[in-house]
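There are 4 protein chains.
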Amino acid sequence: MSIAPETSVHPALRIAVIGAGYWGPNLARNFAMSTDWELVAICDRDLDRASALARKTGEPAVVASVEELLREHTIDAVAIATPARTHHGIAMAAIAAGKHVLVEKPLADNSIHGREMVEAARAAGTILMADHTYCYTPAVLKIRDLLASGELGEILYIDSVRINLGLVQPDVDVFWDLAPHDLSILDFILPGGLKPVAVSAQGADPLNSGKSCVGYLSLPLENGALAHIHVNWLSPTKIRQMVIGGSRKTLVWDDLNPQQRLSVFDRGVDLGRQEAVRDDVEDRKGAMISYRLGDTWSPALSEFEPLGLMVSEYAASIRAGRPAPTDGESALRVLSVLEAASRSLAEGRATRDEVNHPILEEAL
Amino acid sequence: MSIAPETSVHPALRIAVIGAGYWGPNLARNFAMSTDWELVAICDRDLDRASALARKTGEPAVVASVEELLREHTIDAVAIATPARTHHGIAMAAIAAGKHVLVEKPLADNSIHGREMVEAARAAGTILMADHTYCYTPAVLKIRDLLASGELGEILYIDSVRINLGLVQPDVDVFWDLAPHDLSILDFILPGGLKPVAVSAQGADPLNSGKSCVGYLSLPLENGALAHIHVNWLSPTKIRQMVIGGSRKTLVWDDLNPQQRLSVFDRGVDLGRQEAVRDDVEDRKGAMISYRLGDTWSPALSEFEPLGLMVSEYAASIRAGRPAPTDGESALRVLSVLEAASRSLAEGRATRDEVNHPILEEAL
Amino acid sequence: MSIAPETSVHPALRIAVIGAGYWGPNLARNFAMSTDWELVAICDRDLDRASALARKTGEPAVVASVEELLREHTIDAVAIATPARTHHGIAMAAIAAGKHVLVEKPLADNSIHGREMVEAARAAGTILMADHTYCYTPAVLKIRDLLASGELGEILYIDSVRINLGLVQPDVDVFWDLAPHDLSILDFILPGGLKPVAVSAQGADPLNSGKSCVGYLSLPLENGALAHIHVNWLSPTKIRQMVIGGSRKTLVWDDLNPQQRLSVFDRGVDLGRQEAVRDDVEDRKGAMISYRLGDTWSPALSEFEPLGLMVSEYAASIRAGRPAPTDGESALRVLSVLEAASRSLAEGRATRDEVNHPILEEAL
Amino acid sequence: MSIAPETSVHPALRIAVIGAGYWGPNLARNFAMSTDWELVAICDRDLDRASALARKTGEPAVVASVEELLREHTIDAVAIATPARTHHGIAMAAIAAGKHVLVEKPLADNSIHGREMVEAARAAGTILMADHTYCYTPAVLKIRDLLASGELGEILYIDSVRINLGLVQPDVDVFWDLAPHDLSILDFILPGGLKPVAVSAQGADPLNSGKSCVGYLSLPLENGALAHIHVNWLSPTKIRQMVIGGSRKTLVWDDLNPQQRLSVFDRGVDLGRQEAVRDDVEDRKGAMISYRLGDTWSPALSEFEPLGLMVSEYAASIRAGRPAPTDGESALRVLSVLEAASRSLAEGRATRDEVNHPILEEAL
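Residue numbers (UniProt numbering), protein chains in the order written: chain A, 1 to 364; chain B, 1 to 364; chain C, 1 to 364; chain D, 1 to 364.
By construction, these hints were calculated from the structure, which means they are not laboratory data. Treat the hints with care, since some could be wrong.
Heads up, the list lumps identical chains together, so a pair's fine if it works in one copy or across two of them.
With a straight-line cut-off of 16 Å between C-alpha atoms, the simulated EDC-like cross-links for lysine to aspartate or glutamate are [stated by the list, open to error]: (1) 238 with 254; (2) 238 with 266; (3) 142 with 295.
All chains should be modelled from the sequences, with the hints used to inform the complete structure.
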């Protein structure tokens, strides 16, 4: 699959944005600008808010309820940017009405709801897509290409760090706040998606805020590889870095370095094949190891607005009748890992009062 | 305790260095240069190697065995730089002969041996010291001072990263190779030493080398704090960084940035006291949180050779009859955490063939 | 003088923005948001452009000419954001009508025009202010404070680098495009303003574009200090860095490092006083020199929109009847240095065909 | 010419090192280790110093004077590491005796002396080589290769910065202390050597130390290119960076970044050809400009000791009877530019008391 912005030759699809709060305006603006789409309506219980947004996005209709929207407007698709606990209800109604559905992350408030949405959309033959915006950035698209092309070889380890002085939030812990970014990216770039064989979380709440503010997530993958995510709300320095170690090359993504966001290192450790039978294990081990100290390469990245590409991909998926690049199943995998992480934390807490401890979780 | 190099007014103490291999020459050179010490003998089964070293360090005597050394030479102390599995035997013999003992890390090949050494030295009234060289660097001494002074407030989390393209070694995994540095530093800087309430390790051997090449170590501390260590032999970039988050300030130690090795950030999240009783939990939580965005300060560090200070501290501890700054108990704590980490890895492997998984370990 | 945003208790001053092209909208938006100001009119020959801007800024009147504006609208002040060659005519008309004038940089197309504007405003008792936006950023304000307080001691040298892959422009060379930023900042932060004793420019046009794309500007200051500016359109890496070396401390401003924009180094070279008469010159020189290797300090910076502060300062200057922080004379000094730089380049070119060479210029 | 360390199959050449002070030991050690050379003698008026050095380098003969050396020892070549003012006398005597000569930088105390040395060696048919050590580092060799291969296209500009908190020296100013490194590197990497069409220096002595502590050197090259060097003893931060802008690519050498010392940017500004005749100059100019925003590439560098390669190249040049890579003429060009810079500074001072000002100098 090639992901690229392109001009549409099709008639525009008709979309309504549901939710005019924090994220809805970004969606509405991008749908309004896209030649793939015609923004037909803004839906929000707060009609003032909906009207204010409508004025900035070409004056689509304003409606106060999803029922009204589905009943009175001819639309092909909806984009849901409401609180997570309402996603399931709205999406199920829209799917039942035969609409395609784009949902802001997380897909739903729990994976049971999420799975129902995925199955309903499949049964109805409509597209269910998750707005994993990061996946449509130039850097992540390039990483996905590099992994797909085999440039890095086999994946050995992935280490992701996403830390900064963050808002300690009332509803969610640091895992649910920050790790969805890392998890949705991993699911997007790994050929076959993110399918850890286990999930283990370590968290700390040293401020006694009632939720983890520092978190580590270990995700053993198949073939002995290990993905690890560090999320932290208490760090005075901001880091957004992912290292993807491969058997051929290693990629470093430093998202806060605009001058060299991606670096591909042709450096690594090679273990040779055990061609010769040797008596002395120590020598053999030593003999098998070699180092590559080759060039580093930093690919140029094009610049475009990720949300613009995302709405364009939504249209392309609908027209082609194929799953979206970040489809419902992808979002469901992310949700399941987050739930497994929470169970890992909670059962640790259950068995040992003072500290969170890791447990092995059957994931997914 | 103040740690500083000083000129001795005492008669020099008499030392022998045992082991003339990789590390012994560094020790011998520093003992030879020190006014606190008189280097009396070099002991190594390989007499050629011992003689070569003796020629560079003022021509001390050369002896082939510990027995001969203890029998025929008048010494106050020994410094042991032999393979780890021999530490216990040599140290016990030296202690039995009433000598003070400095041991290269690790203290011993297992904690039972290590504990015997600690107890024997205590019973004999001799000093048992570990050569945790990193603890005598200007940066670590400054960090210890800052923590002791309360400058950072209460410790909330510690995140240490020590990764590079490393030698995949025949004998030890990445935990035993690299983590002793982080652990001995933590033990040195934390008031009261490193006393985790649990130890959990995640490792990966994606090259099928027979041992972990990528490792994560979680060490929940008392009061909800969490220490975490990332060690990695497969990283094309070299990082040596430790972040110590405190309730007042946060310290970042970037050992590869000679221009600003230490940074103390007066930035952080504060949770206020629940002075007012509020009905709405969400609001109350929100109201309690505030951010400090103050100055950053990078203290100047003096420059000196860590090993020079270490041998000087060894002499000072002997003369004062007080435990060394990195004494046997400290080294035993480090050893115990490493053993707990290995058990964590092994039991995971036992219960699940393909991946290492974390387990909760009673530590120490 | 303390520069700080504050809420106004005065009736709003009435302003018109002249020019609705590239920069005018930024000015109009900030005047519209300010409680100090009432945006009365947008003036542009292109009425469509003016109307479009008016719709976004609270629907002020739209007028097509400065004459109409001055004749038909009651205003206190104007803000001019038209091409540089028109600044003089518009400003002189506005001053003649008793209006205060804010001018986008450069003040005028030449210093004769600029001087007329300064003198006319002085005679009329109106405020003439230059929109040197950079001077109202948190970093530059902090630098100005540090220099004013004597924190750095006496200024020894200033080295400013402003390079990136820039637009090779049809009208101006790299000096006129980029150096105004550095020069207006220098004028703002140096106590007494920028008063070089000479101006010397070196430029290169290796692409044969007809104008310098790489430029160096040397500005010897009083007391033996030297300011130097490097501007470059052809650099693949982007650097915005200014080093201000003082006799007590040295400040480094790295504008592209949001995590540590300012660093104050308590490091430097000290030459002692020649208290003792010594025969041996070499020893004496050696003896007089010492080094400070003290702490580094990075002050926290507040965050606000520079243009918001600038329009607020414009109002405050008018109300207090005092010169603006970046007044007409400041802008005239900047203009004069740029003209001297051009003469330095041109006379070099005149006497030597192939290369630009430096000449000494009587400045200002 | 390919520069690479190789094992010699020739009989070793016989060398004497003259001068056992600061730099001589480095030379003696490398000659002693080389299979190309036999270190025959150490020559120093201070026989104790010479003897101490001889003990560490295989016990060559020790002699007190050059006359004695040339009279009593069979040697092929000498290496001179004595104070600059003695280079001429020693070298002329050695050349007269038919010896090859390696001279520590600077070649001589003035260019008249230097020229005599070059001409004497040419007449005698002996090799005169300058120890421009930096030119034998992996980074500089790679840069030279890249320029020779045309990878960067035509050189547009070179900007070199070499600043740190330096020792204010009794004998030399910052130009003579630091710029020889930059100049010898430029001479080495530029195809055809360093041949500026003018030399202009700006210096500042804000500490009143009697010599420039901050210096800028402008070196217009042929074809409109410009080289510029910034040297500074008063900078609290250490920078060693050279940018070489080419018409095809731009190279950045950051010598203090061991993880990415060289970066080659496929980024730049292109001015197209004026294929179409256009009326509107402004549009035409605009149309002609385009930007390349391609990949960045960081070549791997091998690791070896530069001095080891240098002594090996000395031997290879002698055996092949070809000029050394850093031959006497190269050193003479460097010396001439330094002298021109000093004249530029001095004449400025003569005509204007307070400040150094730039003058155009006929160079070389």
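The hints, checked one at a time:
no., hint, in the structure
1, 238 with 254, "both (11 Å within a copy, 14 Å between copies)"
2, 238 with 266, "between (27 Å within a copy, 14 Å between copies)"
3, 142 with 295, "between (19 Å within a copy, 13 Å between copies)"
This entry satisfies every hint, going by the numbered hints stated previously.
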